[in-house]
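Engineer: Throw the hints in and build the complete structure from the sequences for me.
Sequence lines, in order, name chains H and X. Okay, so the first sequence: first residue is 1 according to our numbering, each after it adds one. Okay, so the second sequence: first residue is 208 according to our numbering, each after it adds one.
Everything labelled a hint here was simulated from the structure, so no lab data went into it. Some hints here could point you the wrong way.
[To be verified] Listed next, the stretches of chain H that the computed footprint assigns to chain X, with coverage defined by at least 3 CB atoms under 8 Å from CB atoms of chain X:
hint, stretch
1, 47-53
2, 154-168
3, 189-196
[Stated by the list, open to error] With beta-carbon atoms standing in for the labels, derived distance ranges:
hint, chain 1, residue 1, chain 2, residue 2, range
4, H, HIS37, X, PHE236, 45 to 55 Å
5, X, ASP242, H, ALA200, 16 to 26 Å
6, H, ALA26, X, GLN262, 18 to 28 Å
7, X, PHE236, H, ALA26, 21 to 31 Å
8, H, ALA193, X, VAL279, 22 to 32 Å
9, X, GLN280, H, ALA185, 51 to 61 Å
10, H, GLY197, X, ALA278, 29 to 39 Å
Cβ coordinates follow ideal geometry from the N, Cα and C atoms, glycine included.
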Amino acid sequence: MSQPPPTQAGQGQACDERPVEDPEGALLLRFAQGDPHVAAELTRRLAPRALGVAMRVLGNRAEAEDITQEAMVRLWRQAEHWEPGRARVSTWLYRVVMNLCIDHKRRQRGGHLDLDAIPEPEDTAQSAAERLQDGARQDALQSALMQLPERQRQAVVLRHIEDLPNPEIAGIMDISVEAVESLTARGKRALAAILAGRRAELGYSDG
Amino acid sequence: MVDKTDRHAPGQPGGQADAEQSRGADDLFADTLMDDLFAEARDCRPAEVPVHLEQSIIREAVAIQAARAAAVQSQGTDWTKGRTERGSTGLMGQLRGVIAAIGGWPALGGLATASAAGLWIGLAPPSFIPDPVALAGIDLSASDLPDDSYDLALVLSEETE
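Structural biologist: Here's what the structure looks like:
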C-alpha cells in the first residue's frame, strides 16, 4: 500500500507550489537510483524521529519499534515514486507513522483492548522527592498524554514535542490548520487538567 | 501560544473578580507547567534506535534495492522493451535490434551462407533446368570475359557439363 505524499498546507488549504527544502529527499532520490550508501544515512536521520514520535503516541517501546520498521520499509518501497519538492520526506514519514499507530490501536480495540480507556498504572513506590527528577516528570507527561483521545494526542505530540508548524501537522494528519489548532488547544488544556493535581510531585509548590 | 486576553473583565462584582483572578492564576500555572514539560520533552535526546532495529531496516533497504536492480536488468535484456535504453536508438541501435531478433551473429553467418548458395544455384542451374542467362539472350562465353577475369559461375557450369 503506497502512502500519497502529504501537502504542506493540509487538506482544503491553498497549496504553496514552491519546492520545499529537503536534504532527506535528495538522499531518497539517490537511494532510488541504486546508491548503496545512503540507506544507512537515511536510517540514521529518520528512524530516531519515527521511533520517538511512535513511542510518545503509543506509550510502548516494543510496539513503537515495530511501527518504525514498517514505516521505514514503506519509505524504501516508495522511493522510486518520490516526487521531489512536493513535501519533505520527514513529513511523509510522520504521516505513515501516525496512520500505522492508528491502525495498531484499532487492531488492539478489535481484540477488546482499549488502551485509551485504561489509565496508566500509578507507581506508588517512589517518594515525591524522587519524582522531582526530570525522568519522573516526563513519565507524568507521558502518562497524561496516554489519557488523551488519539487524535488530540497526535496533534499535541507533533506540535509541542516534535515542534512542527501547524501547516505541516495539517498535512501529516490530513486535516485543516484550524482543526490542528483546535486539537492542540484542547489537548493542552486537558493535559494541564490531568496534571493539576500533581503539582507537588512535579516540583511545584501550591499557591 | 498562551492566551492571556480578557482574563479580568472590567465592571465585575468583587466576588466574581476574585474567582476570575483565581482562575487566571490556575491558567497561568497550567500554561507554565505544560510549557516546562514540553520544553523538557523537546530537550530529551532523540530516541535511540537499537542496533538490531537499525540493521534490520538497512537490510530491508538493501534487499529492495537489489530486487529493483534485478527488475531493471531483466527489462534491459528484452530488446523490445529497450527502446529507451542507451544505444538502442538510431540506425546502429535498430540494426542491433534486428540482428538480435533473428538470433544474433551466428544466425547472420548462416544467412550469408544461404545467400551465397542461392546465388550459385541461380547462376549455375542443373542441366535439366533452362539457363536463365541463355534465356535472356546473352551469349556468355570465355571470349566475352577479360583475360584476367575469374568467373566462378563459368567454371562451375563447365564442370557440370
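Engineer: Honestly, which of those hints from before does the structure not fit?
Structural biologist: The structure breaks hints 7, 8 and 10; every other hint is satisfied.
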